[in-house]
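Trainee: Protein sequence lines correspond, in order, to chains A and B. Going by the numbering used here, the first sequence opens with residue 1, and the numbers climb by one from there. Going by the numbering used here, the second sequence opens with residue 367, and the numbers climb by one from there.
Some hints could be false.
[Said to hold, decoys possible] In the DSBU-like style, the derived pairs of lysine-lysine whose C-alpha atoms are separated by at most 30 Å in a straight line are:
| id | chain 1 | residue 1 | chain 2 | residue 2 |
| --- | --- | --- | --- | --- |
| 1 | A | 136 | A | 80 |
| 2 | A | 156 | B | 688 |
| 3 | A | 212 | B | 689 |
| 4 | A | 96 | B | 688 |
| 5 | A | 155 | B | 716 |
| 6 | B | 578 | A | 81 |
| 7 | A | 136 | A | 283 |
| 8 | B | 688 | A | 124 |
| 9 | A | 343 | A | 124 |
| 10 | A | 158 | B | 688 |
| 11 | A | 81 | B | 688 |
| 12 | A | 155 | A | 236 |
| 13 | A | 320 | A | 283 |
| 14 | A | 124 | B | 689 |
| 15 | A | 80 | B | 688 |
What the hints contain is simulated information worked out from the structure, not anything from laboratory work.
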Amino acid sequence: MCRSPQLNSTFTRCRLAVFCSVKTLTEVDISFGSILPIVKFPMSKLIFRTIKSLNHCFLVSCFVVVSAMLIAPTAFAQEKKLIAIIVPSPENPFFKTEADAAEAKAKALGYDALVLVHNDDAVKQDQLFDTAIARKAGAIICDNAGADASIAAVKKAKSAGIPTFLVDREINATGVAVAQLVSNNYQGATLGAQEFVKLMGEKGSYVELIGKETDTNAGVRSRGYNDVLSQYPDLKKVAAQSANWSQTEAFQKVQTIIQQFPDVKGLISGNDTMALGAYAALKAAGKGNVIVVGFDGSPDVAQSIKDGEIKATVLQPIVKLSEMAVEQADQYIKDGKTDKPEKQSIDCILINSDNVGKYTMFGLKD
Amino acid sequence: MTTALSSSAESTGVSRLSIGVFLFRLRAFIALLILIGIFTLLTPSFFTRENLIILVGQTAINAIMAVGMTFVILTGGIDLSVGSTVGLAAMVSGLLIDRGLELPMFGVVVYFNVPAIIFLVLCLGILVGAFNGLLVTRFNVAPFIATLGTLYVARGLAQLSNEGATFPNLVGNPELGNTGFPILGAGTILGIPIVIWIMVLFTALGWFVAGKTPFGRQVYAVGGNERAAELSGINVQRIKMAVYMICGMCAAMTGLVTASQLVAAHPATGESYELNAIAAVVLGGTSLAGGRGTVWGTLIGALVIGVLTNGLVLLGVQEFWKKVITGLVIILAVVLDQLQARLQQRLALKRG
Chain A
1 MCRSPQLNST
11 FTRCRLAVFC
21 SVKTLTEVDI
31 SFGSILPIVK
41 FPMSKLIFRT
51 IKSLNHCFLV
61 SCFVVVSAML
71 IAPTAFAQEK
81 KLIAIIVPSP
91 ENPFFKTEAD
101 AAEAKAKALG
111 YDALVLVHND
121 DAVKQDQLFD
131 TAIARKAGAI
141 ICDNAGADAS
151 IAAVKKAKSA
161 GIPTFLVDRE
171 INATGVAVAQ
181 LVSNNYQGAT
191 LGAQEFVKLM
201 GEKGSYVELI
211 GKETDTNAGV
221 RSRGYNDVLS
231 QYPDLKKVAA
241 QSANWSQTEA
251 FQKVQTIIQQ
261 FPDVKGLISG
271 NDTMALGAYA
281 ALKAAGKGNV
291 IVVGFDGSPD
301 VAQSIKDGEI
311 KATVLQPIVK
321 LSEMAVEQAD
331 QYIKDGKTDK
341 PEKQSIDCIL
351 INSDNVGKYT
361 MFGLKD
Chain B
367 MTTALSSSAE
377 STGVSRLSIG
387 VFLFRLRAFI
397 ALLILIGIFT
407 LLTPSFFTRE
417 NLIILVGQTA
427 INAIMAVGMT
437 FVILTGGIDL
447 SVGSTVGLAA
457 MVSGLLIDRG
467 LELPMFGVVV
477 YFNVPAIIFL
487 VLCLGILVGA
497 FNGLLVTRFN
507 VAPFIATLGT
517 LYVARGLAQL
527 SNEGATFPNL
537 VGNPELGNTG
547 FPILGAGTIL
557 GIPIVIWIMV
567 LFTALGWFVA
577 GKTPFGRQVY
587 AVGGNERAAE
597 LSGINVQRIK
607 MAVYMICGMC
617 AAMTGLVTAS
627 QLVAAHPATG
637 ESYELNAIAA
647 VVLGGTSLAG
657 GRGTVWGTLI
667 GALVIGVLTN
677 GLVLLGVQEF
687 WKKVITGLVI
697 ILAVVLDQLQ
707 ARLQQRLALK
717 RG
């Protein structure tokens, strides 16, 4: 048998570190695939049996999992009702504000609030709905991950007796959610487009950036823009691309587009994060005077408007929407109904250099 | 791989070292028990029947994929296209239910019933796997690159299938005989969701095939030492083809299950699922270099990830911290994996 001084010291360390307290485990030897005990003490017989059974780990793990599921007690409802808030990633300040406002309002009304993030993955959202149902939540406030893909989850919550209040994005079904509170995206888009027309002087070439295709809001805003802009024959749309609400994607796409159309005069974007990415690309190419208009009313763009870079955006009153959703959830939990219709929309407000001085986080001071 | 030990010359040193190695092999299982214990203590809503069923149900989606991935990684390869295969399978099942198969040359639209759709989509998964296998065996492309390419191709095809839109409302039409699809995702047998039964079935089959059949032995041989396996007469190309096809089939099953749960087919389904599958396999003790690992280890690895995710959600941990913690757990698992390899080497030297 080869013994090197190196091995010796490692082995000693091993012995000291792991086995200093298991003197009784001597005489039991385990190899990779088979168990050959040299049983000396009764203790080691018991341990040997345990270790041998552990070797059939597949069966043991199945047994553990199944028995856990069977012997575990059922969930108990807590005294303070829970409101689950399920939103897209808070990397976008819009969704962060949405979640924070809902959480604050829920706590102010005496509920426990749990904020969960679905990252625009409909499957993850489905699992988070499952979690809320298992926690016996009183209500779910949700900014959903897909108008078609979210219907099953909301239905599941409904049959479990939990009302869902949708904020910011709708689903393609009525009668499943208790309320769908959205900003009037179409009205907001027309506001933005009219400001864009004014700034462009009613002529010139422009680019449109569209949001994520699976989000209804992307299509609604695009329609609003096009309904206004198509009425001006001197305004030419040279490119329309989707940047999936992403700042980096917008940056890259606009970088490419201005290679093809270097004389573009304006850019209208489906939301603020894309507008920021687009403006960064334009500025880097020395075209900082291109007219850019966004949508959302995020604080980054408000700052940009103050600095004279992006020209305008459309404010979505998301704080107000979130709070309304929680208030209606509270009313539903107490009375079993709200006296509001399912689809509710609040108008958007235009933010440009004139009124940006009064801007607060997704709100406007009077 | 399994060596029977002669009973003579059992020095205490060897036995103690091998106990250490044995417990070390069980580290994923021990970690699972520790995590369950920690979360049970930290929050009362963890160890409840509803939560555990949800936990295992969510794990099942990852576990089914990870079982297939285990076979590929055991041969020393990797399959990055599983996430896109999930998406493609989901979209194809949505297409078959929603629009049926259009055959313009015969002027008919064929609507298959649900068992036929499941069979066809699984075949599609096998086809994608065969494509991967072809690239790796026939054209000698490195598995990483080959499956990376398939990742993009399959994702693009999934999005093309309905111009980026979702196939909504996959309940089917009784007149066309294709109802019953949602049962796969939402149905229960004996109170336990069908998803979990599928996971158990796939894991049991995988464990049996890998551990108890000649094919499984050949997979381990190819991963352990490919040249030696080839020289011993094992058809390495065929084994590699087979494992990629198994992986593709498991990914297709996951796609079916997700589409069924959502009752809709979403083109972005499965994005970055491959990373979760690989994490589960690695956490379970399978070496990325191939030749070492078990299917039940993968199941434990998937459960560890599931418990971690579920527990952190229940604790209300901020989303970004969850990512950091999950990443650290995976890094720890890979580091321990390396330690295990070295410990086993030491033990082999000691006996030699």
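Trainee: Decide, hint by hint, whether the structure agrees.
Mentor: We went through each hint and held it up to the structure:
{"no.": "1", "hint": "A:136 <-> A:80", "in the structure": "holds, 11 Å"}
{"no.": "2", "hint": "A:156 <-> B:688", "in the structure": "holds, 26 Å"}
{"no.": "3", "hint": "A:212 <-> B:689", "in the structure": "holds, 24 Å"}
{"no.": "4", "hint": "A:96 <-> B:688", "in the structure": "holds, 17 Å"}
{"no.": "5", "hint": "A:155 <-> B:716", "in the structure": "violated, 62 Å"}
{"no.": "6", "hint": "B:578 <-> A:81", "in the structure": "violated, 52 Å"}
{"no.": "7", "hint": "A:136 <-> A:283", "in the structure": "violated, 51 Å"}
{"no.": "8", "hint": "B:688 <-> A:124", "in the structure": "holds, 14 Å"}
{"no.": "9", "hint": "A:343 <-> A:124", "in the structure": "holds, 25 Å"}
{"no.": "10", "hint": "A:158 <-> B:688", "in the structure": "holds, 29 Å"}
{"no.": "11", "hint": "A:81 <-> B:688", "in the structure": "holds, 25 Å"}
{"no.": "12", "hint": "A:155 <-> A:236", "in the structure": "violated, 44 Å"}
{"no.": "13", "hint": "A:320 <-> A:283", "in the structure": "violated, 34 Å"}
{"no.": "14", "hint": "A:124 <-> B:689", "in the structure": "holds, 14 Å"}
{"no.": "15", "hint": "A:80 <-> B:688", "in the structure": "holds, 26 Å"}
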